[in-house]
Every structure is written in structure tokens, then in C-alpha cells.
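A.B. asks: Spelled out, the chains give:
2 protein chains.
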Amino acid sequence: MSSASGSKHKIVVTRNLGPDVMPILQDRDDVDLVLWPEDRACDRDWLLQNATGAIALVIMVSDKVNAELLNAAGPSLRAVSTMSVGYEHVDVKELAKRGVALGYTPDVLTEAVADICIMLALIAGRNVKETSTLVTEGKWPNFSWSPFLFCGSQLSAPNPSVNRTAGFIGFGRIAKATLSRLVPFGFTHCVYAANPNSTKPPSSSAAADSSLAQQFGLRSVEKVDLGLVAERSDVVFVLAPGGPETYHVVDEAFLRKMKKTAVLVNAARGTLVDSDALAKVLREGGIWAAGLDVVEGEPKVSADHPLVKEPRCFILPHIGSATNETRVDMASLAARNALAAALGQPLPCALPLGG
Amino acid sequence: MSSASGSKHKIVVTRNLGPDVMPILQDRDDVDLVLWPEDRACDRDWLLQNATGAIALVIMVSDKVNAELLNAAGPSLRAVSTMSVGYEHVDVKELAKRGVALGYTPDVLTEAVADICIMLALIAGRNVKETSTLVTEGKWPNFSWSPFLFCGSQLSAPNPSVNRTAGFIGFGRIAKATLSRLVPFGFTHCVYAANPNSTKPPSSSAAADSSLAQQFGLRSVEKVDLGLVAERSDVVFVLAPGGPETYHVVDEAFLRKMKKTAVLVNAARGTLVDSDALAKVLREGGIWAAGLDVVEGEPKVSADHPLVKEPRCFILPHIGSATNETRVDMASLAARNALAAALGQPLPCALPLGG
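First to last, the sequence lines map onto chains A and B. What the first sequence shows, in this note's numbering, is residues 2 to 356, in sequence order. What the second sequence shows, in this note's numbering, is residues 2 to 356, in sequence order.
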């Protein structure tokens with residue numbers, strides 16, 4: 002891999018990253034910036050054509066990174082930098098084979114996504130779809146106060162004698178940030194099933210769990226089988242990566258094991274949850290409700306999708322990390338990952354790739 | 002006030018409190034229970050007629066307690082027990098004049114309402130009205146991912162270098178339970194304006210604030226003028242009682258002092274916020290958004306109410322305490338307050354009344 006000294010470093014960016022971030026690349030004399038000019042996902046043909054000779058690509062989740070694209074870029078390519086924490090759109094084996102680094106943007110979106118997790122757990126428990134809709138439709142005047150009208154499932158422990166258990170599928174940064182937020186809601190226990198798709202060696206251990214429990218003032222943090230996550234939790238957060246290894250990890254059998262008062266939150270990838278099974282179990286009252294930021298097959302989710310029609314299923318269009326501050330941070334990190342690669346420096350945030 | 006020994010204690014209840022709670026009164030031989038039989042707010046005429054000779058009344062927020070009702074009940078009445086934490090429907094001076102106690106239900110609903118406060122702050126910040134509606138209407142397929150699409154105002158601090166300030170109007174139990182929940186969201190400061198309507202002597206002091214700050218790991222907790230609550234806060238929670246003293250305490254002047262990225266949450270009473278001013282300031286982008294569990298004039302809030310039409314105003318139909326667990330606890334406390342009064346025992350939870 003030759004250094005590009007003397008000539009400019011070609012960096013291809015598949016989306017305008019806005020006025021706070023583009024100057025990181027635009028203002029440099031040593032960068033030849035090639036930017037997809039439109040305000041929509043980058044055309045594949047344009048990307049294949051323009052990638053040639055690039056030293057780094059800044060891409061979005063909508064851009065598939067595979068042998069085809071890597072071949073089109075050629076041997077000059079040092080890094081692919083995705084503006085996302087997920088990387089199921091990237092063929093990491095092909096990258097590893099060629100010695101191309103993968104930059105991504107974990108950490109910077111942790112807090113924004115943990116916020117969405119808490120919000121969806123509350124929304125699902127408190128019948129927000131039904132109650133907010135009746136206000137919007139002008140039906141509030143038809144309802145007079147009544148002791149048990151609109152009553153939901155309470156996320157917090159109503160008093161200190163009550164236990165609350167949080168369950169996680171995938172127990173990385175976002176899960177821990179979500180768990181920390183649940184502590185003042187009176188949560189007492191945490192169970193989790195490790196991410197079966199993790200590329201990292203298992204770092205969890207009983208000692209680490211015990212230390213986390215102590216840090217958060219919980220009675221226990223425990224790694225358990227998936228079935229026990231379903232059985233014990235008052236709220237289950239799906240926070241593992243997508244991909245074939247986690248496909249439909251929440252299926253009908255899982256949902257049938259959950260408490261009838263429990264809620265399911267998915268803020269990871271739609272493929273982890275079987276939509277038909279969830280709609281069926283919700284319809285039959287098998288669980289209290291669901292709050293989803295992601296749905297399998299999104300954005301092709303129509304008004305007659307079984308989950309959209311379900312009154313106890315609240316759906317957001319994948320806005321987990323969508324805050325101004327966080328998206329600027331993500332875009333900035335994606336730009337800096339690409340720039341570092343171009344300059345031959347270590348990437349600020351690279352995914353460790355197997356050989 | 003004569004003891005009712007030898008005869009049964011007449012307790013009038015204006016709403017069926019459900020199978021978990023009614024036995025508290027129904028199962029006693031010494032209680033003559035008179036229950037409004039219908040599943041709607043109690044008719045005034047029925048209440049006035051049946052109150053005669055009662056030793057205690059269990060009432061709802063829809064039942065006005067004034068001289069008329071107290072006269073109808075007569076000198077046997079020892080206590081009015083409202084299934085609510087608010088008591089603006091009760092003429093406390095008339096009660097005090099007659100030596101009739103007022104039972105109410107604070108504390109038991111603190112956690113449920115604090116949950117709603119956090120939920121509304123998140124919902125308002127994250128453009129949930131717009132984004133959830135487009136999913137329900139089947140418009141998600143029309144939107145492809147884009148770096149700044151749907152971006153909201155982040156409740157949590159995106160990283161430890163960022164400050165976040167919570168503001169409160171009224172700083173009682175619910176406010177403190179809400180503040181405790183904000184700590185792991187990265188909140189660093191708290192400002193509050195005391196409840197101008199408080200019947201209690203001011204218990205707040207710089208020492209108590211400092212101790213609270215230390216307990217929560219905040220840099221400061223500070224009692225300030227109302228204008229500074231508006232100016233400094235990233236989120237303002239309205240949590241003071243209703244009534245004339247707090248009428249429109251959030252007016253256009255207050256809203257104009259707020260940050261453009263800040264959100265307003267009202268989970269107290271609708272009368273504290275000027276609806277027209279809020280709609281105007283939201284429309285003009287003066288603040289980011291609002292989340293309301295209460296609206297002045299509720300439930301008469303039609304589909305063309307200026308706040309219902311506002312895309313950045315999310316409204317719930319007063320479900321702050323509406324969880325199964327909390328409503329059972331409230332109803333149970335209301336029943337036990339009435340029973341205690343009937344038996345000549347101290348009420349489990351009475352409002353201290355001035356003479």
C-alpha cells in the first residue's frame with residue numbers, strides 16, 4: 002500500500018454530512034473530496050464508478066460494502082468508514098482479507114439510543130398509542146375520569162418493597178447505559194443473554210457482573226439463557242446486532258415465556274424480532290405491549306402491517322440515534338476515521354477485524 | 002361530634018374502587034357502605050342526597066366538595082377522602098372551619114407520575130408525534146435514511162463534557178422523583194421555583210438543596226426566580242398544584258425566556274400553562290416541543306384545539322397516575338382514610354389543614 006504523498010488523498014463520501022462536519026474534509030488541501038451530490042441514498046453505480054482510486058470511503062447504512070465495491074475501489078483503499086454503529090451492510094471478511102480497516106461510530110450514539118430505549122419502555126407500558134390517538138382524534142371529551150381507565154403497566158417499582166427486573170438480549174454499551182437509567186426507576190435485578198454474534202472474546206464474567214451490580218446498586222446482574230431473560234424480565238430490551246446469527250431470536254416461543262405484564266423494546270435491528278409472532282402474541286394478550294424503533298423490512302412498513310395495526314405496538318421509524326448532537330458527533334467521527342486512514346494515522350474508532 | 006358506637010358508620014363512596022379495594026369497606030359489619038352504582042362520575046343530586054348522616058365520604062376529582070355538600074352531610078361528617086393527590090376540587094377552608102379532615106393520596110402515585118414526566122420529556126424532544134404518526138399512516142416507505150432526518154433535541158447529555166439542567170415549577174415529591182431519574186441521563190444542574198401555593202411552611206433551604214445535590218451527584222440544586230427556571234433549563238417540569246395562585250404561571254413571557262432547544266412538560270394541572278401562548282410559541286419555534294398530560298379545560302379538548310393541532314405538542318389524557326398498581330394503591334389509601342376516620346383513628350394520610 003503506497004503512501005499518497007505528493008498527490009491528494011481521494012475520499013469518497015456518500016452523503017452530505019452537513020455544515021458542522023463537511024469542513025473536516027473540505028477544508029484540507031491534501032484531500033480530494035468526492036461527494037455524492039444529492040439528498041438521498043447514493044446510487045450504486047455512482048459509488049462503484051467514483052470509488053476507483055479512493056483511499057477511504059465514508060458510507061451510510063444504505064451502502065452495501067462487498068467484494069464488488071472493494072474491487073472497484075482497488076488497492077489504494079485503506080479504510081471504509083460507516084456512519085453507524087451497526088455493520089451488517091459490510092462484509093467484514095472481505096475487508097479483513099484485503100487489510101482494509103473498518104471505521105464505525107459506537108459510543109457517540111450510546112446515550113441517544115439509551116434514551117429511546119427508556120422512552121419506548123415507558124410508552125409501551127402506559128398505553129400511549131391508544132391514549133394519545135384519542136386526544137388527536139378529538140375523543141378526549143367522550144372519556145370521563147374513572148379509577149382504572151387507561152391503566153397501564155408501571156415501569157417503575159411503585160414502592161421500595163417491589164422488585165423490578167430488566168432483561169437484555171445483547172449486553173454492550175447501549176444496554177449498560179439503559180440499565181443505568183433504570184436504577185432510579187426502582188429496578189433491582191438485571192438478566193442478560195450475551196450477543197451470540199459478538200466478534201469480541203467474551204469479556205463478561207460473574208465478577209464483572211457482580212461489580213456492575215454493585216456500581217448500580219442492583220441486587221444482581223446475571224448472564225442467563227435466553228429463556229430466562231423472557232421469564233424473569235419486566236421489560237426486555239433487544240440490543241444485539243443484526244445479521245443471520247440473531248435472526249428472529251425473539252420468536253413466538255420467547256414471547257410466550259414472557260410475563261403478561263412485561264413489555265418488549267427493540268432498538269437494535271428489525272430482523273431480531275419475528276413480526277408475525279409478536280403481532281399474534283400481542284393480540285392474544287401474551288405480553289402487555291411492545292415499543293419498536295426498528296421493524297424487519299423497514300422502511301417498507303405499510304399501514305396494514307400487522308404490527309402497525311396492533312394497538313399495543315408503538316413504532317418509531319428508526320430514530321434511535323436521531324438527535325442533532327449525536328448525528329453531528331457520528332458524522333464527525335465517520336469523517337475523522339476516513340481522514341485518519343488517508344493520513345496513515347490510527348483510526349479514532351475502528352472495529353477490530355479478524356484475519 | 003358523637004361516636005357512632007352501637008350503630009353502623011355510614012361511608013359514601015362516589016365510585017366503585019374495584020375488587021382489590023372495595024372489600025376494605027364492604028367486608029366490615031360496622032360499616033354502612035353507600036356506593037354510587039354507575040360506572041361514570043357520580044351525579045351531584047345523588048351525592049347530596051346520600052351524604053346525609055355520613056361519617057366519611059370517599060370522593061373523586063370530579064366531585065366538588067363545598068359548603069353545599071358539607072351542609073348536606075351534616076355534623077356527623079368526620080372526613081372527606083379524595084382519591085387524588087390534588088385537592089383543588091375541595092374547599093379546604095370550609096373543611097377546616099368544620100373540623101372535617103381531608104384524606105388524600107400523595108406518595109403512592111409519585112413513581113407513576115415521575116415515570117410520565119420522563120416519558121413526556123423524551124417524547125417531546127424526539128419528535129415522536131410526527132414520527133410515530135407517519136408510521137401509523139403508512140408513510141415510512143416514503144422516507145429513506147438521511148443523516149439529519151427527524152433529528153430531535155437530546156434529553157441526555159451526549160457525553161460527560163456536556164451540562165444538562167432540569168427546571169421545576171413546584172419542587173415536591175414528584176419533582177424529586179423525576180430529578181432522581183434524570184441523574185443517569187447526565188443531568189448536572191437543577192433549578193426550581195417553589196410552589197407559590199404551598200400550604201406548608203417553606204422547608205427548602207440552601208442546606209437542603211446542597212444535600213440533595215450531593216445525594217444525586219449533581220453540581221447544584223438551586224431555588225431561583227421563575228424567570229431563571231425558564232432561562233437555564235433544558236427541560237422544564239410543571240409540577241405545582243393547580244388553583245388561582247398558579248393560574249397561567251407558564252405564560253408567553255415565561256416561554257419566551259426558554260431555550261429554543263428546551264422542552265416543557267406539564268404533568269400537574271392544565272391551568273398552570275396558558276394554552277394559547279404555548280401554541281403560539283411552539284408555532285414560532287420559540288421552544289423545541291411540549292409534552293402534556295393535562296390541558297386547561299380537559300376533557301373538553303377537541304381535535305381543533307390549538308395545542309392538539311401543534312405537531313410539536315404531544316398530549317396524553319391525564320394518565321399520570323394511571324397504572325394498575327398505583328391506582329389500586331390510591332383507591333386503597335382513599336378507602337383506608339375514610340375507614341380510619343369512621344373508627345375514630347388517625348387518617349393514614351391527611352392534608353394538614355389551617356384553622
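I should point out that these hints are in silico values taken from the structure, not numbers from a laboratory. A hint or two may mislead.
Subject to a maximum C-alpha distance of 25 Å in a straight line, what follows is the list of computed BS3-like cross-link-like pairs (lysine-lysine) [stated by the list, open to error]:
(1) K130/B with K130/A
(2) K130/A with K140/B
(3) K140/A with K260/B
(4) K130/A with K260/B
(5) K140/A with K140/B
(6) K281/A with K130/A
(7) K177/A with K177/B
(8) K130/A with K301/A
(9) K310/A with K130/B
(10) K301/A with K140/B
(11) K177/B with K140/A
(12) K140/B with K281/A
(13) K281/B with K261/A
(14) K140/A with K281/B
(15) K130/A with K98/B
(16) K310/A with K310/B
A.B. asks: Take the hints in turn and mark each one as holding or not.
C.D. replies: Structure-based check of each hint:
| no. | hint | result |
| --- | --- | --- |
| 1 | K130/B with K130/A | holds (10 Å) |
| 2 | K130/A with K140/B | holds (17 Å) |
| 3 | K140/A with K260/B | violated (33 Å) |
| 4 | K130/A with K260/B | violated (29 Å) |
| 5 | K140/A with K140/B | holds (24 Å) |
| 6 | K281/A with K130/A | holds (18 Å) |
| 7 | K177/A with K177/B | holds (24 Å) |
| 8 | K130/A with K301/A | holds (21 Å) |
| 9 | K310/A with K130/B | holds (17 Å) |
| 10 | K301/A with K140/B | holds (9 Å) |
| 11 | K177/B with K140/A | violated (33 Å) |
| 12 | K140/B with K281/A | holds (23 Å) |
| 13 | K281/B with K261/A | violated (43 Å) |
| 14 | K140/A with K281/B | holds (23 Å) |
| 15 | K130/A with K98/B | violated (46 Å) |
| 16 | K310/A with K310/B | holds (23 Å) |
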